[in-house]
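Peer 1: Spelled out from the first residue to the last, the chains are:
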Amino acid sequence: MLLPDHQYVRVDSLKDCLKSLRENGERTHVVAGGTDVIFNMRLRLFQPDIALSIRRIAEIKQVEELADGGLRIGAGCRLVDLAENALINERYPAFADSIRAVASSHIRNIATLGGNICLKTRCWYTNNSEQWRQGVKECFKTDGDLCHVIKSSSLCHAINNADTPLPLIVLGAVLTLQREGESRDVPIADFYQKDGMDHTVLKADELVTHVTLPPCADRTVFLKIAARKGMDFSQAAIAARASGTGTKAGEVSLVLGSISMAPIVLHEPARLIAEQGITDAAIEQAEEKVRAELGELTSLYARAGYKAHLAKVLVRRALKALREM
Amino acid sequence: MPPEIKPQVPKDNPGLTVVGQRQPRLDGADKVSGRSVFTDDVVLPGMLYGKILRSTHAHARIKRLDTSKAEALPGVKAVVTAAHATGMSANSTDSVAKASKRRTGKTIKLKTGETIFADDVVTYIGEEIAAVAALDEATATKALELIEVEYEPLPAIMDSRRAVRAGAPQVNEEFPGNVWSQDIDNYGDPDTAFDEADFIMESKFEAGVTHNLYAEFHVALVDFSRPDKLKIWTPTQTSYLMQHSLAPAFGLSVNQVQIIHLNTGGAFSGRGAVRPHHYVAVLLSRETRRPVKVFSAGDEEFLIGRALGKNRYKTRVAADKDGTLRAFDMTCEMDGGAVGNEVGYFGWMAGLSNAWMFDLQGNRFQRKVILTNQRPNFLGHGGMMVSSNCAVQQLLAKVARSLDMDPMDLLLKNAVEQGHTGLSGEVFASCGLKECIETVRRESGWDDKYDKLPPYHGIGVAVGAMAAGAKGAFKHDTSAAMVRVGEDGLITVYTGIPDMGQGTHTTMAMIAAEVLGIDANDVQLVAGDTDLTPIDIGAFAQRGTITTGNAARNAAIDARDQLAVYAAEKLETSVDNLRFAHGQVSRVDDPQQSLPFKEVTWGTLNSMEGRFVMGRGFYNSPLPYGTTSWSFDAQVAEVIVDPETGQIDVLKVTVAHDLGRTINPLAVEGQIDGQVFSAMSQVIYEELVTDDGLFLNPSRLEYKMPRTYEMPEIAHFMIESNDPYGPFGAKEVGEGPVVVAGAAIIAAVSNALGGTLMPEMPMTPMRVLKAIRASELEKSQSQSAA
Numbered sequence: 001m002l003l004p005d006h007q008y009v010r011v012d013s014l015k016d017c018l019k020s021l022r023e024n025g026e027r028t029h030v031v032a033g034g035t036d037v038i039f040n041m042r043l044r045l046f047q048p049d050i051a052l053s054i055r056r057i058a059e060i061k062q063v064e065e066l067a068d069g070g071l072r073i074g075a076g077c078r079l080v081d082l083a084e085n086a087l088i089n090e091r092y093p094a095f096a097d098s099i100r101a102v103a104s105s106h107i108r109n110i111a112t113l114g115g116n117i118c119l120k121t122r123c124w125y126t127n128n129s130e131q132w133r134q135g136v137k138e139c140f141k142t143d144g145d146l147c148h149v150i151k152s153s154s155l156c157h158a159i160n161n162a163d164t165p166l167p168l169i170v171l172g173a174v175l176t177l178q179r180e181g182e183s184r185d186v187p188i189a190d191f192y193q194k195d196g197m198d199h200t201v202l203k204a205d206e207l208v209t210h211v212t213l214p215p216c217a218d219r220t221v222f223l224k225i226a227a228r229k230g231m232d233f234s235q236a237a238i239a240a241r242a243s244g245t246g247t248k249a250g251e252v253s254l255v256l257g258s259i260s261m262a263p264i265v266l267h268e269p270a271r272l273i274a275e276q277g278i279t280d281a282a283i284e285q286a287e288e289k290v291r292a293e294l295g296e297l298t299s300l301y302a303r304a305g306y307k308a309h310l311a312k313v314l315v316r317r318a319l320k321a322l323r324e325m
Numbered sequence: 001m002p003p004e005i006k007p008q009v010p011k012d013n014p015g016l017t018v019v020g021q022r023q024p025r026l027d028g029a030d031k032v033s034g035r036s037v038f039t040d041d042v043v044l045p046g047m048l049y050g051k052i053l054r055s056t057h058a059h060a061r062i063k064r065l066d067t068s069k070a071e072a073l074p075g076v077k078a079v080v081t082a083a084h085a086t087g088m089s090a091n092s093t094d095s096v097a098k099a100s101k102r103r104t105g106k107t108i109k110l111k112t113g114e115t116i117f118a119d120d121v122v123t124y125i126g127e128e129i130a131a132v133a134a135l136d137e138a139t140a141t142k143a144l145e146l147i148e149v150e151y152e153p154l155p156a157i158m159d160s161r162r163a164v165r166a167g168a169p170q171v172n173e174e175f176p177g178n179v180w181s182q183d184i185d186n187y188g189d190p191d192t193a194f195d196e197a198d199f200i201m202e203s204k205f206e207a208g209v210t211h212n213l214y215a216e217f218h219v220a221l222v223d224f225s226r227p228d229k230l231k232i233w234t235p236t237q238t239s240y241l242m243q244h245s246l247a248p249a250f251g252l253s254v255n256q257v258q259i260i261h262l263n264t265g266g267a268f269s270g271r272g273a274v275r276p277h278h279y280v281a282v283l284l285s286r287e288t289r290r291p292v293k294v295f296s297a298g299d300e301e302f303l304i305g306r307a308l309g310k311n312r313y314k315t316r317v318a319a320d321k322d323g324t325l326r327a328f329d330m331t332c333e334m335d336g337g338a339v340g341n342e343v344g345y346f347g348w349m350a351g352l353s354n355a356w357m358f359d360l361q362g363n364r365f366q367r368k369v370i371l372t373n374q375r376p377n378f379l380g381h382g383g384m385m386v387s388s389n390c391a392v393q394q395l396l397a398k399v400a401r402s403l404d405m406d407p408m409d410l411l412l413k414n415a416v417e418q419g420h421t422g423l424s425g426e427v428f429a430s431c432g433l434k435e436c437i438e439t440v441r442r443e444s445g446w447d448d449k450y451d452k453l454p455p456y457h458g459i460g461v462a463v464g465a466m467a468a469g470a471k472g473a474f475k476h477d478t479s480a481a482m483v484r485v486g487e488d489g490l491i492t493v494y495t496g497i498p499d500m501g502q503g504t505h506t507t508m509a510m511i512a513a514e515v516l517g518i519d520a521n522d523v524q525l526v527a528g529d530t531d532l533t534p535i536d537i538g539a540f541a542q543r544g545t546i547t548t549g550n551a552a553r554n555a556a557i558d559a560r561d562q563l564a565v566y567a568a569e570k571l572e573t574s575v576d577n578l579r580f581a582h583g584q585v586s587r588v589d590d591p592q593q594s595l596p597f598k599e600v601t602w603g604t605l606n607s608m609e610g611r612f613v614m615g616r617g618f619y620n621s622p623l624p625y626g627t628t629s630w631s632f633d634a635q636v637a638e639v640i641v642d643p644e645t646g647q648i649d650v651l652k653v654t655v656a657h658d659l660g661r662t663i664n665p666l667a668v669e670g671q672i673d674g675q676v677f678s679a680m681s682q683v684i685y686e687e688l689v690t691d692d693g694l695f696l697n698p699s700r701l702e703y704k705m706p707r708t709y710e711m712p713e714i715a716h717f718m719i720e721s722n723d724p725y726g727p728f729g730a731k732e733v734g735e736g737p738v739v740v741a742g743a744a745i746i747a748a749v750s751n752a753l754g755g756t757l758m759p760e761m762p763m764t765p766m767r768v769l770k771a772i773r774a775s776e777l778e779k780s781q782s783q784s785a786a
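First to last, the protein sequences are chains P and E.
As numbered in this note's numbering, residues 1 to 325 make up the first sequence, in order.
As numbered in this note's numbering, residues 1 to 786 make up the second sequence, in order.
It cannot be assumed that every hint is accurate.
[Unchecked claim] Partner residues are not named here, just some residues of chain E that face chain P (Cβ under 10 angstroms, in silico): (1) I125; (2) T141; (3) T478; (4) L701; (5) P706.
Because the hints were derived from the structure by calculation, they are not lab data.
Predicted model, so just to flag it, every value in this text is computed and none were measured.
In this text, a Cβ means the ideal position worked out from N, Cα and C, and glycines have one as well.
The following block holds chain E by itself, in its conformation from the complex:
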């Protein structure tokens, strides 16, 4: 049980002046006018261009590798191969493995043994074999062509189902049968629930291979020209993890590694780890003692990018005839690709998250990570939770239908409430799930539409929950912040949290501005440079607003307390009789007596004592591990299916999100819009087509993502449950909506087809036509049975 804790401000009358206002992004003008600097914009004196030679075989022995011609090419400054990276491993998240052990008592296999370059065997197309650094890109490209590789092709295994059959080719001899890991998580008592329940329903669901298609492609600029300082510019979600992965690999201490992430052009959970190209850039810079930029161009981006692999779910639900949900049991076969990596961990998260919304007796999640000669997989937007929630929520709609019950009533009947303790011990200190469901029911016109729409016009509902912050990756989950006060009243917030488009820097500015009672536009950010900014584990697990937000708040309070000394003296009162708001510092007991904030800063910093104001603050979850706060979400989607072409048109998505407290409505709407877009893209459009491990559609043109024309109308409702842990009561809105929107859309498509379950995502037109045929068959069978 977490300690009893009171909200920072009252729910209904918090007296907030900045929080809750529609604040345009502080970096918005720079972003849209092209002034923002990204890693690829940085060119250092003497910088070389690095290119990586990649395997063209899914599985082959390297019989001969000859780099001599490339080395002899004028302009080439270095060629590196596995020989330069002996004993080095691209293990990225050992800490996550340790954390998982601390948290669950179980060891989740993460240690990949993944080398920087393929040693003597390549196990997927795109695997790194060698790299060059040259004076310009053309020379580097030419040098790659001069590297001679002789392959002896080995039998490859591309499908995870075939990979576990007897006699299948082995991807990695250490993992017989190609099983990387196999785990069962039992929460509560699923066995009794399944034994005692009135009935059980089950389904199968598959999710295809994706790519995150960042606006900013993978790039790393490394300056390792000094042996005691490794400087890296690169987009990332976590400079902290990068420092901790790279330092030991190159014999450095953590703070000898400086990570600079200027702006990060999209991350979607996929930029949480160090990848081979980072190590390659360091090796090239170490060899040449010059800065080297390694970047992907065009379709190479699809080879480097690790996102979601093929996942096959079997879902069972145990329920009673009165609509009580008793337990879930989900099995997932996960294609880990050639390197099993962390995907098993993501399966565990998906299994947990499926159940958070419901008061269940038991929940079981079984997962098997299987090695194949496909690209190594990692995370996409919403992780595996998008697809697992699609599988679960569709099935719940079917449960409701079988009971002749409205799905809304089923969800309401089983929804958790504030104070609920979940099956893995989680306690929901705030929870607005029922209000979310009631809101979307009312605002979407559900009761007039459900089962009343014309054929091929469907409506669907889904719910979800998302942990805001999850302590466990390290012993602590600390974010720190510093607030420097200028004599002119301009404030600088120092933070290590990366802004990868989610707008967290503006959030931090607003939080600091709220505490100091000033305009958020008077706050600037110094961020993304580990030499300048204090510790922050990073922007993942929805920890930004709640953890770094609290750190920024604490730092601003510290700065405010320092300023209060001068103001109290001038206003002839005590420091606790002061209010900072609207750019003024006033007496609480006599608001007429006030000083402009800028006068207070000027006076403080031009004192005889020579005072300097720097607020410092940090936040670390009070729990030993796990999460304090969950967001909740309900959404209704309305779709039209074209029965002739199989195309799906999403008309409207109504979103109610319990985010605790709205810091910035403008940013929240943007987050929701973006996540509805992303979820729609995942469940209807995005799929990498492969032919023997080779991506056939590695381009923005052929990897189909929708554009603004496909965007549905979106109605946003922000439910404020005022979380006691969150800054001003705020939780998260960075990932909660995406895991629900996809499930709502798929439920709507299923509804449009008379309740036929959609067995696969993305729901491409061919698959929709197939489902239509299946639904017609179901209809005719049920008619003939009647």
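Chain P on its own, in the form it takes in the complex:
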């Protein structure tokens, strides 16, 4: 499959990048590692006039240690470098685990953190070639007005399959979004929207430049279930965090990914554990509260019933893992 016609533009500084985005943001798709974007362009899922390569921008390829013990990570950092970064492994082991869980070593060698955070939602009614798609009606993603996975829906139900955002959410990470002459900080928890079409709050003239991680002394864990060990998107994944030790947990947060259009923060199960501690009885009760917070599930990539089941399994496993830490 050939790439559609486009202009390839490479910028070497953040300033040039933001200028280009101001001028042509609507007609541009940013390419960092390109592992997902280029392939989707071949499928004609989007056909930007300009593919804007940000690979050479040095300002977004640093990991800085902050005075408070946190880290500020450039969105252009390659996943392989972050997975091997001593500070990340020491201070944010669950985040490091989530990076290593992405795709394969070959892909992590060029894919970037910003790319994974902005990963497009996926659907097996759209993520095939243009010729293949002629066999199905147009849907929201292809200029139609229906969703194949939930026909009655007014929203696109494509799946957000990104792994790294889950630990970033429980860690309270903040994204820096820059446009020419302007910068805003958005907690990553507020970055995603429950809409497969418009899945983040990022604007066409903006770039995710940095991820700021506050210090964290709590226990954290990341778990992923996929059809195979590597080179695969999650069927379901979880990041969990708890303060305290043993069964005691003052603050708890649980975030599920890959089962819906956006990561799902589990409020009630987390509240229950925070109140009762990480006991077997509380875990069992927490599991029972999971389904209600998942909303409508689809049988996209895995059966809806299986996703709901995995969500409970992951909550149980994550809580038990935290208790052992």
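Based on the hints, put chain E in the right spot on chain P.
Peer 2: Then chain E, alone, in the frame of chain P:
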């Protein structure tokens, strides 16, 4: 009965110097460094790019087809449609139908009437409607978009069970009720066996739709710029069948069609026939008088690729209380897809092969091929034998359990031995099945593990047999080979057998090297070009090692005999007092007297007489039809099932394979590893998900195949029964292991779940969770009954 025949070399002391050595593939370095040339690497001067417009409907009438805009697009050199292929049919294997009649007396329906392009009705998504040839790929793709097709959708039938109900939409009017074919094969006396047996057990089993996912996608490069010469580069398992299918379609004689298969990137039984894209490439090249390359890209590969369809089995076993197996009775409903094709034949093979391992009174296999508006189906790795063996072997474990018998004892009690005559008259001239079973029992630690493992940890055993070569596709089953001797002692073997990854070219080099007493690295292959290489029916039915191997051996013997004349003269002895080994030609009665092999070749080819040495040889089974030699196989798999996620982890597979003689241990281990991988992939992972005939997961990402991380530990044991027909006693290792590994894995999963039968493959996590619930229910019911 076959004629009495002695093995070529003694079993235990054959004096072999090359055969049995760990020989790296001769083409290995080129393969891993990317130097090997595949069809898509070939670019000819003036070559055009061909693209095919395919149906987007599972069943529809083509109301209007307008190609005028595409034809007008600059850069487009030809647009072809059904009008260009009038009267042409994509029948691929008429010869197989004739063969089956010769062999069984029955007509197996194969004539498909499949056209190259859909005429006025399309019957599956992906069916060919039109094709274009253009100066470049982008223009060809653009041209496809300009072809206007107006469809009138017709009711489609997607499920073979619904297809046979009254009032179901008809896929092909020639086949009322959508029944393509219906056959019953009875071997021995199954009725008496079922009447007299102490008990009968039965089960149901289903296998899902697969794709072979070759490393090399479908591609055909055709140069038909001269009307009297049709040249095709394409991956294939059989250039011979391709020549015989294409020549009549284009009014040529067989040898006016030249097939060049450089390297073939995987075949798995699926590349044994000519497909519409081959014909389309020829039509485009004929129209333009230029070379045209037609290739699939991305998900189109899944539309072109024909592999296994949905098969539903009902299996019955008749047995006695002492563990004697009396008979099998299997019924299979096969979804043939929109073109019934050869799948009925494959069902027949599966029915036969299920029974080869056992001394039975009767065996019956009933099969019904049903037409649906799904993709036409064909073969996958191991054919239908993987799934049918899964159905049978699981049930045998249940029979053993019901008798409170160890499955190993059940298998040993009923296993065939050398000299056994099977129900369809097959005679096992060599057979190491019992040794295979005993080996895996010992080496897997079976006796310490069976029914002694913790919950969700299981162990299972399965056995199998595979025919090495099967005469019947044509009157003969000939492979020929030529061995050219260079004056410098370098040897060239000419062979038509395709190497599609199985490493057969290295095997042929080793066989020739063994005969000539030289290093296999001094042998090069010329292969895969029907203008250069002698007849070879192809790499299917496990005929490579035994048939082409014998041909290569015979050709090398012929060459050796020619060289012996010079050597005997120099060593002042007779030609039958010479030994060719270790790069030397020596006197048998006085080994100190010897000449280097290279001196013999130099002397021979620089003689006053101007001698030239070219050995020729061929091999054709001495039987009128059928098989001379079977491999046998036993495997034990150990698995852990995650009861929470339903995921299966295959820990270890212990394989004992009776291959007759090991030619190359390195290649044998590779074959076994590959087949364990493939079987595991089929029974646990691979499934095409469809929505009204549309594949939802047509990509390497979403069509789940495992990777190296999922590979279990594999223990290989090569059992050498020294077959009298095989070259140096060798039989096959190309397909025997795959039909057993899947069954062993499924038996292990069933064992992990307390003996609950797994009703379906692949055993996806959802299905495993369902089986776990069923096993818990069984347990609670048996407890409450007690």
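Peer 1: Taking the closest Cβ pair, is T141 (chain E) under 10 angstroms from chain P?
Peer 2: holds (7 angstroms)
Peer 1: Can you verify the interface hint for P706 (chain E): is its Cβ closer than 10 angstroms to any Cβ in chain P?
Peer 2: Cβ of P706 (chain E) sits 5 angstroms from chain P, so the hint holds.
Peer 1: Given T478 (chain E) as an interface hint, is the shortest Cβ-Cβ distance to chain P below 10 angstroms?
Peer 2: Violated, about 42 angstroms.
Peer 1: Was the hint right that L701 (chain E) lines chain P, CB cutoff 10 angstroms?
Peer 2: Nearest chain P Cβ about 8 angstroms off; hint holds.
Peer 1: Report holds or violated for the interface hint on I125 (chain E), using the least CB-CB distance to chain P and a cut-off of 10 angstroms.
Peer 2: holds (6 angstroms)
Of the numbered hints listed earlier, the single one contradicted by the structure is hint 3.
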